[in-house]
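Top to bottom, those sequences are chains A and B.
In case it helps, our numbering puts the first sequence at residues 7 to 426.
In case it helps, our numbering puts the second sequence at residues 7 to 426.
There could be a bad hint or two in this list.
No distinction is drawn between identical chains; accordingly, a pair holds when it is met within one copy or between any pair of copies.
Here are the simulated lysine to aspartate or glutamate pairs, DMTMM-like style, with alpha carbons at most 25 angstroms apart [unchecked claim]:
#1 K245 <-> E257
#2 K245 <-> D71
#3 K163 <-> D236
#4 K163 <-> D313
#5 K328 <-> E365
#6 K131 <-> D210
#7 K131 <-> E120
#8 K328 <-> E113
#9 K266 <-> E183
#10 K131 <-> D270
#11 K131 <-> D318
#12 K131 <-> D236
#13 K351 <-> E183
No wet-lab data here; the hints were simulated from the structure.
Every value quoted in this text rests on a predicted model; they were computed, and no experiment measured them.
Residues per chain, in single letters:
Protein chains: 2
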Amino acid sequence: MRGAVRAGAALRAMAARGPAATAGIIVIGDEILKGHTRDTNSFFMCQRLRALGVRVARVSVVPDDVDTIAGEVAAFASRFTYVLTSGGIGPTHDDVTFEAVARAFGEVLAPHPELVALVHRFFGKTDASCPEMKLARIPTSSRLNYGTDRRTGSAFKYPLVSVRNVYIFPGIPALMERALDGLSHLFRNEQTCFHSRTIYVAADEMLIAPVLDQANTSFQGRVSLGSYPDWASNYYRVKLTLDSESEEHLEDAYRFLMEKLPPDVVVPFLTDPVSQAATEVYALAESGSALGQKVAAALRTVEGALDRYSLDQLCVGFNGGKDCTALLHLVHAAVQRRYPERQEKLKVLYIRIVSPFPEMEQFIQATVQRTWLAAASKSGAVCSRAASPAARLAAARSMCAGTRSSSAPWRAPSGRPWST
Amino acid sequence: MRGAVRAGAALRAMAARGPAATAGIIVIGDEILKGHTRDTNSFFMCQRLRALGVRVARVSVVPDDVDTIAGEVAAFASRFTYVLTSGGIGPTHDDVTFEAVARAFGEVLAPHPELVALVHRFFGKTDASCPEMKLARIPTSSRLNYGTDRRTGSAFKYPLVSVRNVYIFPGIPALMERALDGLSHLFRNEQTCFHSRTIYVAADEMLIAPVLDQANTSFQGRVSLGSYPDWASNYYRVKLTLDSESEEHLEDAYRFLMEKLPPDVVVPFLTDPVSQAATEVYALAESGSALGQKVAAALRTVEGALDRYSLDQLCVGFNGGKDCTALLHLVHAAVQRRYPERQEKLKVLYIRIVSPFPEMEQFIQATVQRTWLAAASKSGAVCSRAASPAARLAAARSMCAGTRSSSAPWRAPSGRPWST
Numbered sequence: 007m008r009g010a011v012r013a014g015a016a017l018r019a020m021a022a023r024g025p026a027a028t029a030g031i032i033v034i035g036d037e038i039l040k041g042h043t044r045d046t047n048s049f050f051m052c053q054r055l056r057a058l059g060v061r062v063a064r065v066s067v068v069p070d071d072v073d074t075i076a077g078e079v080a081a082f083a084s085r086f087t088y089v090l091t092s093g094g095i096g097p098t099h100d101d102v103t104f105e106a107v108a109r110a111f112g113e114v115l116a117p118h119p120e121l122v123a124l125v126h127r128f129f130g131k132t133d134a135s136c137p138e139m140k141l142a143r144i145p146t147s148s149r150l151n152y153g154t155d156r157r158t159g160s161a162f163k164y165p166l167v168s169v170r171n172v173y174i175f176p177g178i179p180a181l182m183e184r185a186l187d188g189l190s191h192l193f194r195n196e197q198t199c200f201h202s203r204t205i206y207v208a209a210d211e212m213l214i215a216p217v218l219d220q221a222n223t224s225f226q227g228r229v230s231l232g233s234y235p236d237w238a239s240n241y242y243r244v245k246l247t248l249d250s251e252s253e254e255h256l257e258d259a260y261r262f263l264m265e266k267l268p269p270d271v272v273v274p275f276l277t278d279p280v281s282q283a284a285t286e287v288y289a290l291a292e293s294g295s296a297l298g299q300k301v302a303a304a305l306r307t308v309e310g311a312l313d314r315y316s317l318d319q320l321c322v323g324f325n326g327g328k329d330c331t332a333l334l335h336l337v338h339a340a341v342q343r344r345y346p347e348r349q350e351k352l353k354v355l356y357i358r359i360v361s362p363f364p365e366m367e368q369f370i371q372a373t374v375q376r377t378w379l380a381a382a383s384k385s386g387a388v389c390s391r392a393a394s395p396a397a398r399l400a401a402a403r404s405m406c407a408g409t410r411s412s413s414a415p416w417r418a419p420s421g422r423p424w425s426t
Numbered sequence: 007m008r009g010a011v012r013a014g015a016a017l018r019a020m021a022a023r024g025p026a027a028t029a030g031i032i033v034i035g036d037e038i039l040k041g042h043t044r045d046t047n048s049f050f051m052c053q054r055l056r057a058l059g060v061r062v063a064r065v066s067v068v069p070d071d072v073d074t075i076a077g078e079v080a081a082f083a084s085r086f087t088y089v090l091t092s093g094g095i096g097p098t099h100d101d102v103t104f105e106a107v108a109r110a111f112g113e114v115l116a117p118h119p120e121l122v123a124l125v126h127r128f129f130g131k132t133d134a135s136c137p138e139m140k141l142a143r144i145p146t147s148s149r150l151n152y153g154t155d156r157r158t159g160s161a162f163k164y165p166l167v168s169v170r171n172v173y174i175f176p177g178i179p180a181l182m183e184r185a186l187d188g189l190s191h192l193f194r195n196e197q198t199c200f201h202s203r204t205i206y207v208a209a210d211e212m213l214i215a216p217v218l219d220q221a222n223t224s225f226q227g228r229v230s231l232g233s234y235p236d237w238a239s240n241y242y243r244v245k246l247t248l249d250s251e252s253e254e255h256l257e258d259a260y261r262f263l264m265e266k267l268p269p270d271v272v273v274p275f276l277t278d279p280v281s282q283a284a285t286e287v288y289a290l291a292e293s294g295s296a297l298g299q300k301v302a303a304a305l306r307t308v309e310g311a312l313d314r315y316s317l318d319q320l321c322v323g324f325n326g327g328k329d330c331t332a333l334l335h336l337v338h339a340a341v342q343r344r345y346p347e348r349q350e351k352l353k354v355l356y357i358r359i360v361s362p363f364p365e366m367e368q369f370i371q372a373t374v375q376r377t378w379l380a381a382a383s384k385s386g387a388v389c390s391r392a393a394s395p396a397a398r399l400a401a402a403r404s405m406c407a408g409t410r411s412s413s414a415p416w417r418a419p420s421g422r423p424w425s426t
């Protein structure tokens with residue numbers, strides 16, 4: 007009963023909001039259809055629009071042909087809330103997007119006084135037939151949208167042109183991304199928020215297909231459920247995604263699946279283990295399992311070091327191997343729990359071997375960036391790269407190094423065992 | 007006159023061949039429109055189809071919705087020679103591509119005896135309602151296409167389903183790629199070969215737009231001309247691409263542009279400097295320019311070493327820096343010219359500094375792979391990584407090391423200057 011009441015309330019809320027705003031993306035460019043260039047713009051647009059509460063309903067890649075583009079623009083404009091085009095707005099013969107959008111709506115191109123002034127200002131040109139002036143000839147009903155630079159807060163000097171519900175973005179990825187981020191207010195749909203959950207399953211899709219069918223039937227129209235096999239992952243076989251505009255429906259569907267899926271097939275795969283380290287590691291330590299007991303013992307050692315030394319006096323040995331990565335994670339979890347608000351970074355010492363694999367170096371760099379380590383210091387250098395690692399570590403009094411109990415113990419140069 | 011005669015002959019040849027075969031690609035997947043997953047399949051398909059003589063006319067990304075997919079399939083099937091779909095053919099509720107293709111052509115799904123037998127063989131299942139059997143229920147007019155594994159030459163065990171001119175590919179990239187490569191004969195269009203040339207221009211698009219307009223007008227319908235600014239390149243500002251089904255037209259358009267473009271804006275940017283090293287480097291050495299004279303002098307030293315020592319006795323010092331990269335290129339050019347058929351690889355010695363940047367290590371790896379260097383030995387290790395660099399270099403009698411004349415000369419540990 008309670009579930010039904012909640013579901014009813016959520017449905018009413020959804021009906022009041024109306025369906026989500028939709029978008030169609032038109033990527034314009036022969037070079038993409040010829041396989042010369044890989045389109046990255048549509049992926050960026052899909053991600054950003056979803057975060058803004060807009061459902062992307064279609065992506066189309068079309069050639070640099072006025073009639074083809076015009077046909078797609080007209081069709082998309084009548085079906086979707088927003089149409090975003092990308093590409094074809096430069097000064098050369100193959101830049102035909104403005105012409106195509108004009109044709110889609112039965113308009114013509116005309117010089118826009120504001121853009122003519124900008125062309126004069128940027129290029130020093132006033133001749134109506136110069137290539138630069140092509141940028142100023144736009145469909146007659148165009149609007150000019152000045153975005154805001156998100157870093158500086160100041161308005162962009164050059165506007166994005168839109169015609170009705172069609173927004174005409176540049177094709178150069180850096181420019182398109184900056185323009186979309188600077189104009190996100192045009193697309194933001196406060197009434198819609200997409201909620202997502204993910205379940206990772208260590209079993210073949212065939213095994214879970216019947217449960218997914220049931221879930222899909224029970225939540226159809228309220229929660230969209232996707233099932234994606236991953237043949238490359240070491241952790242799971244299938245990624246299930248649940249998406250809904252209602253957090254309540256989402257949680258209902260999530261619980262439904264967690265109850266109905268075969269026992270033990272759901273695996274706790276974390277895409278971001280770093281920010282949740284304290285919660286996850288201590289839950290494991292307190293679980294009482296065999297692994298949990300070992301983790302708890304290691305945490306006691308780490309906490310002993312944290313009791314005796316300040317963060318400034320501590321240093322973790324890290325060479326990118328499995329053992330010391332596990333240790334680093336434990337230290338990170340203990341520090342995260344003890345100093346949740348800390349600003350200072352944890353120090354690591356990376357003693358480079360003579361011939362490290364480049365993949366290892368990359369992993370170390372990525373780990374340093376991910377785990378709030380001291381290495382991201384002002385020099386921008388990682389670990390021991392800067393002039394004097396000794397100087398950096400001068401304040402360190404305690405050193406943690408991860409090894410297996412089956413390995414010979416590490417010893418400090420003095421011959422005494424290291425502290426952990 | 008001669009040009010007109012040739013153009014006439016080429017046009018007749020093209021008319022005899024008819025227009026190129028076309029393809030439309032339909033990528034099926036909510037996950038792509040939601041920005042959860044980046045589509046890589048359409049790029050792969052565009053590249054492969056073009057190489058097979060097929061012009062990709064459209065790419066469309068659609069949600070997992072039967073009616074939407076059916077509408078797009080029907081529209082594409084009537085407009086393009088081939089339709090390739092990707093995704094939505096697994097066992098779960100969100101796999102609706104077969105159903106959608108059936109609906110597009112007014113067909114229904116029915117178990118295909120050959121696929122039923124394969125499901126039995128692979129999964130040991132015969133129950134008509136089991137999830138596995140969904141893979142065997144396909145549109146009634148389906149054909150089964152068994153591709154050939156290009157590595158082994160044997161037929162794939164599982165076929166690709168097609169309905170009329172619609173080819174239904176899996177969405178998992180590795181499977182799709184293998185299927186398309188194994189079935190390329192279905193799409194190969196022997197009558198069409200796309201020819202391409204690229205011109206790199208170190209000038210703003212505005213400056214060359216008028217010439218491009220002229221070229222486009224002169225060659226419209228015969229050569230397609232693209233102009234792509236690149237804001238990230240250190241070598242050029244604009245990449246011009248010329249594409250044609252006629253090599254003759256392509257060369258005419260290329261000559262037209264090379265004559266009309268402003269002087270000195272075309273830059274000789276080589277995307278593959280390695281395979282053309284001998285030609286390019288010796289042309290520079292013989293050009294008589296100031297740089298050419300220096301290159302010629304360096305080549306004389308390198309050739310002196312090649313006169314005195316066998317390749318097995320030679321080793322190039324290489325640390326990824328600018329100086330020794332230039333030297334490596336010169337040695338590579340000299341060796342390429344002297345031993346064009348050689349099988350053996352050139353030896354390099356990389357003396358790693360204590361803290362190399364990972365980017366440098368990556369560059370060194372890439373260079374070693376690109377330039378036919380000894381490092382690609384059986385151990386799979388690069389340069390000095392393996393157990394005994396000394397053992398590998400035991401046979402080396404001469405060492406080339408690149409420095410600038412402005413730097414202090416390198417000296418061998420013995421105190422005598424190194425040979426170059």
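May I ask which of the numbered hints given earlier this structure violates, with the numbers listed in increasing order?
4, 8, 9, 11, 13
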